[in-house]
Every structure is written in structure tokens, then in C-alpha cells.
Amino acid sequence: MAHIAEWKKDEVRDLKDLINSHDVIGIVDLLNIPSRQMQKMRQSLKDKALIRMSKKNLMELAFKESNKEKVIELSPFMEGQPAIVFTELNPFRLYKILEDSKTAAPAKAGSTAGSDIIVPAGDTGFEPGPFLGELQQVGVPAKIDKGKIVINKDHVIVKAGEVVSREVASTLTRLDILPMEVGIDLRAVFEEESIYTSDVLTIDEEQTLANVRAAFTGAFNLSVNAAIPTTKTISAIIGNAHSKAFNLGVNAAIVTDETTDVLLALAQSQLLAIASAISGSEDALSEKVSDLLANRPTAAVAAPSDAPKEEVVEEEEEEEATEEEAAAGLGALFG
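Quick note on numbering: our numbering labels position 69 of the sequence shown as 69, and the sequence is numbered without any gaps.
Source of the hints: derived by calculation from the structure; they are not laboratory data.
Everything numeric in this text was worked out from a predicted model, so none of it was measured.
Check before you lean on any hint, since a few could be wrong.
[Stated by the list, open to error] Derived pair list, reagent style SDA-like, types lysine to any residue, alpha-carbon separation capped at 25 angstroms:
1. Lys-68 x Phe-86
2. Lys-148 x Val-138
3. Lys-108 x Pro-141
4. Lys-96 x Ala-160
5. Lys-64 x Glu-6
6. Lys-96 x Gln-207
7. Lys-146 x Arg-174
8. Lys-16 x Glu-88
9. Lys-64 x Ala-5
10. Lys-102 x Ser-115
11. Lys-159 x Arg-187
12. Lys-108 x Glu-6
13. Lys-16 x Leu-89
14. Lys-159 x Lys-16
15. Lys-56 x Leu-45
16. Lys-159 x Val-182
Turn these sequences into a full structure, and let the hints steer you where they fit.
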């Protein structure tokens, strides 16, 4: 039987202990990350996540020997220069932190463009000279204008998936164009016997929050209109019912403490309208009624509107809601 180095046994044991003691395990690719930048990233992740590099076969063996059955499914995602990240952050939060830590970097000869690299139109700031020939040599449409080298129009110098040549890399560096993104690439994450790939973890936060707010508004209005009482809607439902009852009382001339003043005002308004219609006849009105008619307000008293006042969520309040408040609101509506 072949002898296994003691350090390998210790490494597998340490990795296995880390896997067993963390809820979230991820595979990251550290390829082409400068050591200085890697140190900064490790520092920024301090107290949030631990990144551990090791040999692929040792990491895979630790996966197999851990007490997390499906964590072995992370093995196919070991690409480039793989490492394991251990954390208690949820996978989406971890992905966002790693994406936010990425920085722009110059293109290197031999590197592959992840997206189209564009040289924008405009003044380069360079005076006429050999650089004009360099630009034209790599296909950039450039000319001399007012004593400066100017690029005529936006130009795709490297398409996504193409390899950057040495000449193009040099040109981009001189133009101070940093088309590459350097950082830790999260390939996949294990949590609670599930594997999340990077494409699943990519979400549009603004759109997601807008969707949550729209769902809250829809649920709120449904609850109010269907008279489903909850802690969030009970005030609006009561206000809605009160408004309808008040209007019914006024329109049906039902005398209550709240409707009396409005009914009297309406009655007086109607009386004065009749008086106005017959005021042309001599001695048709008493002196008191004539005085009231002469001094009546220009606008008649109107009954309250039938439209409920609190049926729809106010837009301003809606915009101020945070994602957590919106989600909590949905739970309160039908929880």
C-alpha cells in the first residue's frame, strides 16, 4: 500500500472539519488574481467568510468524507485555480459581496474577453505621432483633428470570447481602458443539501424589490376590497366602511350625530334653491328668507364623496418601504 504523506491526512481532516462546521460551502476560482489584491479581498471578507486553497484531489476527498452528503456535487465546479469558501452567509449575500469586491483591470495579452471590448469615440488626448499608426494597425478608426488624435466612432476592438493580442493589450493600456474585471468568481454554493450555481445567484436587486412592493400593494388592495381584516389593513377597512356608512346615512336622510349637520346644511341649500326659483313673485318670500337667499354661500354644501379614502396604498409610502418591510407586510396580510 502506497504511503500517504502525513500533511495530506492533516489537510483532509482540517477541510472536513471546516465543511462539517459551516452551513454554507462554496467553490471559487482565484485564477489571475494578483497576490496583493487577493490579500485585500481576504481582509474584506474577514469575519464573514474563510477562503481555503488546497489540491483538487484533497478537497474532493474532504467532500466525500464529510457528513454533508450532497456537498460532493461541488466537485465538477473546481475550475481554474479552485478554492473552498466557508461561511454562514446565505448564498445570495455571499455572491453579492464577492461581485462587489471585483475591480477593473487592464487587459493582458493572451487573456479572453468576457464581453465586447469597446474603444469609445472621442479625443484621445495624444498629439499626432506614432500612436496614430498603432491605433490604425489594430483596426481603430482614428485621425488627427485640431492637433489631437481623435477616434472617429465607437469601435469593438475585441469581441466576447476572443483572445486579446499583445498589440491590442498595449493599445488599451495606453488609452487607459480597463476592460477586464478581477476578483473572486463564485462558481457554486452548497446549502441545506442544495447546490446553487452562479447563474441562479445573479439577481437584479432593484427589480426584485420592485416586484415585492408591487406584490404588497396588490395584496393590500385585495385585502381591503375583500374586507379581509389583518393588522396592516384593519384601519383602511374600518375607514372604508365608515365612509360608505356615512354616505348612506346622508343620501338616505338617516339622522345620526354625525349626519345631522350635513343633512341640515343640505336641507337649507335645497330650501334656498326653491326660494330662488320663486323669488320673482312679489311677496313670495318672507324677509328672513330673502336675507338668507341674499347672503347664501356661492357654493352649495356637497355630500362626502363615495370614493373610499384609504383603499389604495399611497405611492410615496410605498417607495419608502424597504425590502424587509415589504416582505414582512406580505406575511402580515395573509399570515
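Of all the hints given earlier, name the ones this structure violates by number, lowest first.
12, 14
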